[in-house]
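Chemist: The residues making up each chain are set out below.
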Amino acid sequence: MILDIITSGLINGSVYALLAIGFSLIYGAARIVNLAHTAFYMVASYCIYFATHKMGVHPVLAMLVAIILVAFIGLAFYKLFIDPIREHEAAVLIATIAMAMAMQEIMLIIFTGDYLSVPSLVKGYLKIIGVKIAYQQLLTICVALLILAGVWALLKKTRVGLAIRSTAQDREVANLMGMNESRVAMITMGVSVGLAAFAGAVVVPLTVVNPHMWMHPLIFMLAIVVLGGLGSLKGSFAGAYILGFTEASVVFLIPLGAFLKGSVALSVMILVLLIRPEGLFGVAFEEER
Amino acid sequence: MKIPKFLLSILLIACLVMAIGLPAYAAKVIKIGVIGPMKFVQGKGHWNGATMAAEEINAKGGLWVGKKKMKIELVKADSNEFLSMTDATNAMELLLTRHKVDFLVGGFRTEAVLAMQDMAMDYKKIFIGVGAASDEICTRVAKDYNTYKYWFRGSPFNSSYLGKTSFIHLGTVAAILKMSLHIPKIKVAVVAEKAMWTEGMIKACEVYLPKMGMEVVGVWRPSQVATDVTAELSAIQRSGAHIVFTIFSSSVGITFARQAGELKIPAAMVGINVEAQKDGFYEATERMGNYVMTLNTYARGVEVNQLTPRFVNTYIKRFGETPTYTADTYAAIIYSLAPTIEEAGTLDADKIVAILENREYAVPSGKIGYLKDAQGRHLHELKWGPGYLTSLGVQWQDGKLVAVWPNRWKAAKGAPEITYKGVVPYKIAPWVIEKYKK
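If you're matching them up, the sequences are chains A and B in order. End of the first sequence = 289 in my numbering, gap-free, step of one. End of the second sequence = 438 in my numbering, gap-free, step of one.
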C-alpha cells in the first residue's frame, strides 16, 4: 500500500507542482493573482486534443505546439486585459476569473461538453512489488520533475531568472537598478502560462478533457500556494507534494471517503495555516521582503 | 413632422391585428418545452429524440385536438444542470413564463429535476421526465397527488429497479466467471460516484450481494469528475476483487474504464456506466474500454419489440449515433403525449393526466405501464419486468457495443426464458482469464 501511495502522491504532486510554481512565479514577480492560470492548462489540453484527433498531428509535436501557442495566448491576455489594470489587485482578480470563464465558454461552444481524451505516449505498465504503474504515469512524473528542474535552472542560472528573482524580492529596487520591471513581468507571465500549458500537456493523456477541468486544479493550486507561502517557489513545490500525498493516502486509507480526498487535503492546509499563518515558506509581513 | 392621421390609424389597426392575431396563430401549435443540459450528450439526446418525434407528427399534419389539427412546436431550453442549479430553474422559468409551453419533457440530474418538477407543477404543466432515476421524484405523486399528478416518469425506470437490474447483470456475470474460471466465491468491489442517486444502490449492495453468495471487499466513492482513479484501482486490485460493480453517470466512468483497461486490472466491470452507453466511449477511453458492461436502453441490431428497430435505425441515420435513454423524449412525445392528447381531444392537463395514468402502451424500449404504491395511490412510476421495461445489458466487445442481456433470462423460477433478438454471449476479458484460469 505504501508504494501505491508513493506513486499516486508523486503523480498528483508533480502536476500540482507544475501548476502551483507557475502561479507562484507570476505572483512573486509581478504580484498578479492569475485565477485564469488553470484555464490555460485546460486550453492547452484542448489544443492537443484538436491537433492529435482532428489534424492527425503526432502527440509530442501537438504538445510542443500547444505549449508555445498557449504561452502566446497568455501573453496576449496579459497585454490586453491584465497590464492596464495591474496596479489594482481586486480588478486583476475579477478580470482573470472572467478570462477563465470566457475560455471555458469558448471551449464549450467549440467542443461542447463531451468528454474527450488524448492517446498515451507510451502504452503498457510496469509492475513494482505487485503495484501496476502505467508507463504514461512514470513518463508524467519524469517530465514534470524535469520541467521543474528546468524552471529552477532558469531562475538560478540565467540573467532572466536573476531578473525575475530580483523583481520578486523588491519590484521598486529592481526598477531603480535599471531593470525593465514591466518586461520582466511579461516574460514571467509567458513562463508561467507556459508551465500551465506544460502541466496540461503532461497530464492530458491521463485525464478526461472537458471545459470544466480547470476548476478543481484551481482550488488545489490556490491551497498549495497558500500552504507553501504566497509567492514562494520552494513552498509551492513542498505544498504540492504534501497535498498530492494527502489525497493519495485518503483514497487508500478511507476507500469509502475517496471523494473526500480534496476536502481532507484542504483541511491539512487549514491545519498548517493555524500553526503557521504565513505558510510553510512564506514571510510573515510584506515589509520583511 | 406631423404623422398623418390615416397613417396613425393604420398603424394602430396593424398593432391591434398583431395583438389579437398572433396569439390566435400561436394557439394552432402545441408547444413542448425540451429541457436538458444541451451542451452535453444527455441534452443532445433529449433534443434529438424530441426533434424526431415532432418531425414525424408534423409530417402527418399534426395532432387532432378535438376538431382542430395542431402541429408540434419544440422549445429548446439549456438547463446547464451539471454545473448550475440556478441555470436549470431559470431555464424552466423561461419555458413556463415566456414561452408558455403546454408540455415539458427532459431533465437529467435528480437534484435539478426535483426543483424543476416543483415549478412545472405550480403551473400545472405535464412534465415527462427523461433522465432522472431517483425514486423520490415519483413518490411525491403519491404523497401529494393534487400537486404532483402532472409529473410522469418517461425514462429510465427508477433507481430501485436500476439497482435490481444491475444486480441481475452482476449475478449473470458472476455465474459466468464461476463456471468458466472455477472461482468458488466471487469477490466484488463496489465503486460508486459521489452522487445522490447512488446512495440507495450502495446500501442495497451491502445487503443483497452477500445474500447472492458474493463477498463485498470494499466500497470506493470517487468524485463524479475524478480525473485520476489509479489509487482506487490499485486498492481494488489489492482487495482481490473478481468483479468491479460500477455505479457511474458522469465523466469518472471514462477515467475509470480507461485506467482499468490500461493497467489490465483483472476484474470484470459490470453495473451502470452511463458514459459507456454512448458510441463515443470507446474512443474517449482511447480504446481501453473493451469488456466494460453496463445497463443500457438501446443497442444496434437489438430488437426489444417491433418498434425498436425503426426508432434505433432512423435515429442512427438521422444523427449518426445510437440513441441513449435521454433520446426517449421521442417516446415521451410520440407514444405518451400524442395519442393521449388525441384521445382527450383537448390540451387540458387534468383530462390528459386522467387518461395517461391508466394507459399501457408500447414504446421502442418495451411497454409502459404506470405503477401504484402499496396503498393503491398513483405514482406515475414505470413498471419494470418481463413484458414491460427490462432494459439491456450491453458490453463493449472489440470496439463495438453489443447487447449481452437478457440472454435466456428467467425472471422467476419456472418463468419463461427471455432473450431479445440480436443479443450475443458475454465475453470475459483475456487478462481476467489469464489471472484466474487454472
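Since the hints were made in silico from the structure, they are not lab data. Possibly wrong hints are sitting among the right ones.
To be verified - Quick list of in silico lysine-lysine cross-link-like pairs, DSSO-like style, CA-CA up to 30 angstroms:
1) A:K127 to B:K100
2) B:K437 to A:K123
3) B:K187 to A:K123
Just so it is clear, the structure is predicted and the values come from calculations on it, not from any experiment.
Chemist: Against each hint, give a clear statement of whether it holds in the structure.
Modeler: Evaluated hints:
This hinted pair does not check out: A:K127 and B:K100 have alpha carbons roughly 61 angstroms apart, beyond 30 angstroms. Annotation: proposed proximity of B:K437 to A:K123 holds, straight-line Cα distance about 25 angstroms (limit 30 angstroms). With a CA separation close to 29 angstroms, the supplied pair B:K187 and A:K123 stays within the 30 angstroms bound.
Hint 1 alone, counting from the list given before, is not met by this structure.
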